[in-house]
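Number of protein chains: 4
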Amino acid sequence: MANPELVISSCSSHEEENHCNFNQQKLNFFFMNSCEKFWAQERKPWKLSIQILKIAVVTIQLVLFGLSNQMVVAFKEENTIAFKHLFLKGYMHQMDDTYAVYTQSDVYDQIVFTVNQYLHLYNVFIGNHAYENKDTEQSTMAICQHFYKRGNICPGNDTFDIDPEIETECFFVEPNEPFHTGTPAENKLNLTLDFHRFLTVELQFKLKAINLQTVHHQKLPNCFDFTLTITFDNKAHSERIKISLDNDISIRECKDWHVSRSIQNTHYMMIFDAFIILTCLVSLIFCIRSVIRGLQVQLESKEFSVSDQMEFVNRWYIMTIISDILTVIGSILKMEIQAKSVTSYNVCSILLGTSTMFVWLGVIQYLGFFAKHSLLILTLQAALPNVIRFCCCAAMIYLGYCFCGWIMLGSYHDKFHSLNMVSECLFSLMNGDDFHYGFPETELHTFISECKNLPNSGKYRLEDDPPVSLFCCCKK
Amino acid sequence: MANPELVISSCSSHEEENHCNFNQQKLNFFFMNSCEKFWAQERKPWKLSIQILKIAVVTIQLVLFGLSNQMVVAFKEENTIAFKHLFLKGYMHQMDDTYAVYTQSDVYDQIVFTVNQYLHLYNVFIGNHAYENKDTEQSTMAICQHFYKRGNICPGNDTFDIDPEIETECFFVEPNEPFHTGTPAENKLNLTLDFHRFLTVELQFKLKAINLQTVHHQKLPNCFDFTLTITFDNKAHSERIKISLDNDISIRECKDWHVSRSIQNTHYMMIFDAFIILTCLVSLIFCIRSVIRGLQVQLESKEFSVSDQMEFVNRWYIMTIISDILTVIGSILKMEIQAKSVTSYNVCSILLGTSTMFVWLGVIQYLGFFAKHSLLILTLQAALPNVIRFCCCAAMIYLGYCFCGWIMLGSYHDKFHSLNMVSECLFSLMNGDDFHYGFPETELHTFISECKNLPNSGKYRLEDDPPVSLFCCCKK
Amino acid sequence: MANPELVISSCSSHEEENHCNFNQQKLNFFFMNSCEKFWAQERKPWKLSIQILKIAVVTIQLVLFGLSNQMVVAFKEENTIAFKHLFLKGYMHQMDDTYAVYTQSDVYDQIVFTVNQYLHLYNVFIGNHAYENKDTEQSTMAICQHFYKRGNICPGNDTFDIDPEIETECFFVEPNEPFHTGTPAENKLNLTLDFHRFLTVELQFKLKAINLQTVHHQKLPNCFDFTLTITFDNKAHSERIKISLDNDISIRECKDWHVSRSIQNTHYMMIFDAFIILTCLVSLIFCIRSVIRGLQVQLESKEFSVSDQMEFVNRWYIMTIISDILTVIGSILKMEIQAKSVTSYNVCSILLGTSTMFVWLGVIQYLGFFAKHSLLILTLQAALPNVIRFCCCAAMIYLGYCFCGWIMLGSYHDKFHSLNMVSECLFSLMNGDDFHYGFPETELHTFISECKNLPNSGKYRLEDDPPVSLFCCCKK
Amino acid sequence: MANPELVISSCSSHEEENHCNFNQQKLNFFFMNSCEKFWAQERKPWKLSIQILKIAVVTIQLVLFGLSNQMVVAFKEENTIAFKHLFLKGYMHQMDDTYAVYTQSDVYDQIVFTVNQYLHLYNVFIGNHAYENKDTEQSTMAICQHFYKRGNICPGNDTFDIDPEIETECFFVEPNEPFHTGTPAENKLNLTLDFHRFLTVELQFKLKAINLQTVHHQKLPNCFDFTLTITFDNKAHSERIKISLDNDISIRECKDWHVSRSIQNTHYMMIFDAFIILTCLVSLIFCIRSVIRGLQVQLESKEFSVSDQMEFVNRWYIMTIISDILTVIGSILKMEIQAKSVTSYNVCSILLGTSTMFVWLGVIQYLGFFAKHSLLILTLQAALPNVIRFCCCAAMIYLGYCFCGWIMLGSYHDKFHSLNMVSECLFSLMNGDDFHYGFPETELHTFISECKNLPNSGKYRLEDDPPVSLFCCCKK
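Chains as they are written, first to last, in UniProt numbering: chain A, 1 to 476; chain B, 1 to 476; chain C, 1 to 476; chain D, 1 to 476.
These aren't lab readings, by the way, just hints derived from the structure by calculation. Please note that the accuracy of each hint is not assured.
Identical copies go unnamed one by one, so any copy, or any two together, can satisfy a pair.
With a straight-line Cα cutoff of 16 Å, these simulated EDC-like cross-link-like pairs (lysine to aspartate or glutamate) come out [unchecked claim]:
#1 K134 x D158
#2 K206 x D256
#3 K219 x E169
#4 K219 x D161
#5 K415 x E77
Chain A with its partners taken away, still in its complex shape (with noise of 0.2 Å):
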């Protein structure tokens, strides 16, 4: 972008001279912008306002399939937040990373908990969940457990005999089977957990609803399946259970529908699609022209160096038909998100984003047209190899720090328990945000002395316990 100006200025300079043959003078209009171009032979700036025309479109696109997306985001949120409130017993918001318990009456009722949730779901659910129907029949959930095939534990005598081999052992329970009609699952539910040998327990099963929002903006509603499954993990066999609740969903367009008001505006989307497609398709043939056009003044002018012949194909172009090829694909892939044949969302977004961020990033070559700007192109091109140098020194000393943190520090301190997280804290550390190091900024969550007497005391659920096996801690 600099030398062209250094060329046209050196000519200017010279104008009274004539000194300008007839060669520079065509260099010097091929360099100059579409302001220049209307001043010097009054073209008409088509390719500035396709540009511009681009700019418009592509962004009301994107903000268009944002929003529709944003709708289908928050449905599949919501539902996560509702099941977790739902399934897990006592669950409040955002104790995900605490969720877990401690003693064996409490794996049982937690199960207990959830299976009686999910056979009442039609007298406790609000919303328009239901059993997925296969054929007749309604779906089950699968209580699955993973365990040891053997594990004799006596860590009294310092002794074990173990096969690691983990067996599977799976348990069905049925909507429809005549035990829930009133008393509690707890005395159907043949579940024994041998705690010497599990290593988790999953409950697995599959929900169904549909996310009538869209009908408000004259949209079709889409089905979504809910493959839920919570996890009991005590792989670390450490007294403490973690539980997790993983929401699997996929969006499908519904079979069998019927809607009062007419569901329309896809086909005005549709065709609003092609036209982007026809001016990206526009865009596109203006920039490939502009690139062959320059890359046959580089053939006829060898006497520039290297670095010079570069100028010749403008890299703004190469970014303009990146960004058009990207929007064509993406504003297909959409148009067939529409028409309901696929459902790749991501791949889509992904396309668009890139395309709209490269669109509004080329508006800054319209602000090159001021000499000033180049300027600061030209120091930052510059500076940049001092720049690379003195990252890969800071890299080093990073990394270097990174490692020994981890591995001195890492048996003291939460934040140094794994890489990651060292080499996060550190990044903080080093962006200022975080001096407190050892002095984590906690809630605490004072109950001590007012929660004295709840039921989990322990008091209660000793008249029921069997009396205490003591020296049978060797099962086989």
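Once you've looked at the hints, dock chains B, C and D against the given chain A.
Same frame as chain A, now just chains B, C and D:
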């Protein structure tokens, strides 16, 4: 500010040669500041005195107005917090964003609780709150539900038949109905919600109160009308019904009142406001006179360039004039508010706030008496175009990243769900506020194993529930 | 500090020409520092030695005093936290700001709870706390309510009739009254609050304790008097009664005591304090002598300008003198505190703290022996006026924004409710602390659906409540 | 690093004049780096290759060691968290700092709860935890209380009579005692605490566990001994007894074990460690040879100044030698840990961590091949004295403020209670971390009015309590 000084100095440096003609002397004097004029002609700084007086009185007025405003705002907020604790079951401090219910029985419980609290107002409430008396009747609570006209939703079969037209059904509870005199309202409320179809339930009612606190400040207490709306939002049909309480407040003069001690200082306040209006008018006249004189000098001295001619109209005067006009209007409005004829606090506060800000900013001009300060301003003026160009570039890049981040990361992270949040998040990052990107610093509230047998564990509910009809998901 | 060096260097550079007359040599020697004097005349650096000794002993004294102070503060705080847990029903860690009650029954419950805890002190409390014995009687708890003399408030009709004079009614509970020996105080307390009229209720009582912890450090335990005031604040009449606990503490020497092990090191401490006083007096004499000598030299050398003459009185000496005087007074006070004749910890801590700070700041003068350091100081002096001018401008703008923000945003956002908060908020913003303006980072505590049938759900209360009198809002 | 290049350039610039004698050429070659040597004499860069190999293998070793360490640390922590939930009544996540009890009955309840949980280990616990078997007996729990020998404390009369000697009384609970087979331990524990005299109560017991998780990684499981100490701290006698749980862990090889699948890769690991030791020894020999050669050249060239002679011994070699020695010792230690003969993880981690850091920092020397980098280092060297002087001044001021702040504000604000906290707080302020000085950003947990009739409200306790003896505060 800078040019005149240039004139002065160039003039004064050649003084010994008597090159300063009459015109230059006149201009010289014109551009002198109050101090210099005093030393040159012993002219007394009336304008300066008026401005200093204005700063004092305007600030006092603002502080007094702000203090009385603060009291009203505090009363509003305290009431809203109290209503949330009184009408929302199990509400706790700052849980507004997560306050929601998840099961059918919770929805009914919440509605019954609110109705009961409303009916037993005089037994439960501490403050001076009462029902609205229309004629001789008490105001009623309206329970309105909005639902789809028709909705057969069968997620199990992936089918639905819906009429998205929204119907509204209302139901009124009157405080003087006999049924609330001892037994819970539960049995009496004939409210049944069709959870498949309903979108929102709204409980709306009015309460009245008097803010007695102002009596201590020798002010007349105001009468407040609170219009409370509790909304159960099921629009998403996602198992989660968010509950929010809106408190709409209107302030009115009380109809009939008697206070033993005299309420007096309104008159003094009125006089003070009148004095401020007077001061501002005088300042206004002075400034307009100076501006007119400046324009005259400008007309006489055509030999200067356009940008130099701009210097003749002092920009500080313009600001003072705007500030004075705002103060006058604001003060008049304030007097009417005090006379209880108008209640437009907001307009008045914008007027007085802006004018006071200008008055204080105006103090900077007196610091301009020192030469060095002007150098700073000159530098700033020179750097402005580059700064604007840089900002434009940065804005383009920022917008590009915003769109891209929203569409690509929106599905994966909370902070990218909507454009607002993306732009906020990126601004924070630029600002260096927040590095912990994917690591929400949440406070984890762990009740888990402690709260096992709380009444909501689901066990107690089973016996009372009707038998589950498994294949009845398609309701009309 | 800079000028003398100038003299020295200008002198020493011309040394070979013998231009340094006697006066210059004298001045030269006067401005030499300890090191240079030692090299010039082998004068031993007594003054320096005294200062170094002083730094050591003053710091040791401060640390010892600080450690004993720390223990007292910790005792005070631990007690206040414990009292909050013991006398406030349902109080939890760090909820002081939100601790409030919202219903009539809550108010009575809270009062009854506090009275009960007070009456059963010896059964409930762990520590060594007791009632105050006046003569042979136990101290009583005073329950005082403040209310308007007359108040007929009818918000329903927008009418009120009020006498804003405030009356006080007190009521005493004695620990040795018979009624607290088994049954709850609820029935016995004949307290009825007129919620329309009452402003505050205050529960005030005294407790005594002994801080035994000091015995381990060979110090005599102190006797503490705690005056506890629990205030129910209904001044706003906004349905929300804030409850706060104030703990006023006075420390006294115990009357009669016996400790088996000897409490001894007070004497050693006294001797150490005396030694510090001696050291400071010596340092004081040295410094005063130097200052007087400086003034004499100043009188002799009239040829210098006023600002140069200022240099003759070393500012470091002034600081050292102030520091010495403070240390002497502080040490005497400390000795009296140790002898238990005075208890003015605060004055003593201010004296010793300031003096130690000056002593440490004084260390910087010895770093001034190096020439470059003085250059830094010279630069700072030159830049000062501009810095001050900038600060003035910034202050004006800051004030303008503060007033404007307070009055215009005060109604809409928490952080603009009072002038303090606005100025704090703006300072934070300038400081780059806080961008999340309208987005309070609150921790949301969600119990919602979990805590359904807690006893306060309102159901249980209804049966016992008297029938509601609907038209009785106008009470006298 | 800079001087040699100076020599080279000065030499090469005069090359045409053949002024470079043999000595200069030799020095020239001596100061060449690997690349230059390769171009000059085609000498193969053995040293460089060894270093690159070392970086790779040392990093792999560290990562493997770190990962196995991480697993042990995670097991320790998970167990500690679980023990806190299991042995501390009502404990919740991250409340360690505020976990305390306030009433007499709470103390007893807490002790009884812990004893019960311990006795019912096999019924309550999930993981593989067991009592320690001494001979054929189970290990016992020791309940020890520490109290003053004599203590008659009468705060009511301001008198006390105390013997500060501390006595200890212990009491043992054996898991196989008959009394825990069904009834709560409450009645059986004959523990009475004299709250006036007791200082601390300690519950100490041992548990054993086996970390089975390592089986999945083909490693032999370790046996863990947990020594748990629950401390009730009443030293302050301030109504607040803090409770803390300490978990002391020792790792031992299990006595007798049998695993069905083969545990094998220890041998491969051993071979890899041996290979690292070999690599480091080769690198060590290379470096020592280079250092010796450098010293020889130094001896031969006496014409240079002392600081120039320092240049002959490359500081990078010194660092590499230290790093190699640390790696060799660390690797030997690691092999012994793997052979289960030593368990000094900490020493090993310090050795390996430091050596890896040095190895990575050593990479920077190769970036020194570029000339500009050395300029940076030269600049840093020149600026060092000034930087140190500035740091000294800042440290003095910092210390002064610390002492002053501690003593003067210590009584009024949490952040100034101890010297540590003051210095931390001031550092934060300097760092710009924290402006909100007196405004703790606490999360307020408000239960207040919600939790009215919880069992600890004090009502239920009254009937069972013995009549209060009011004048019995003087106990022996």
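Right, here's what the structure says about each hint:
1. Within a single copy, K134 and D158 get their C-alpha atoms only as close as 51 Å, which misses the 16 Å cut-off; across copies the closest is 12 Å, which meets it.
2. Taking identical chains as interchangeable, the C-alpha atoms of K206 and D256 are never at most 16 Å apart, the minima being 20 Å within one chain and 46 Å between chains.
3. Taking identical chains as interchangeable, the C-alpha atoms of K219 and E169 are never at most 16 Å apart, the minima being 45 Å within one chain and 26 Å between chains.
4. When the C-alpha separation of K219 and D161 is checked against a cutoff of 16 Å, the pair qualifies only between copies, where the shortest distance is 14 Å, while the shortest distance within a copy is 62 Å.
5. In this assembly of identical chains, K415 and E77 lie within 16 Å of each other by CA distance solely across copies; the values are 13 Å between and 29 Å within a copy.
Violated hints for the displayed structure, listed by number in ascending order: 2 and 3.
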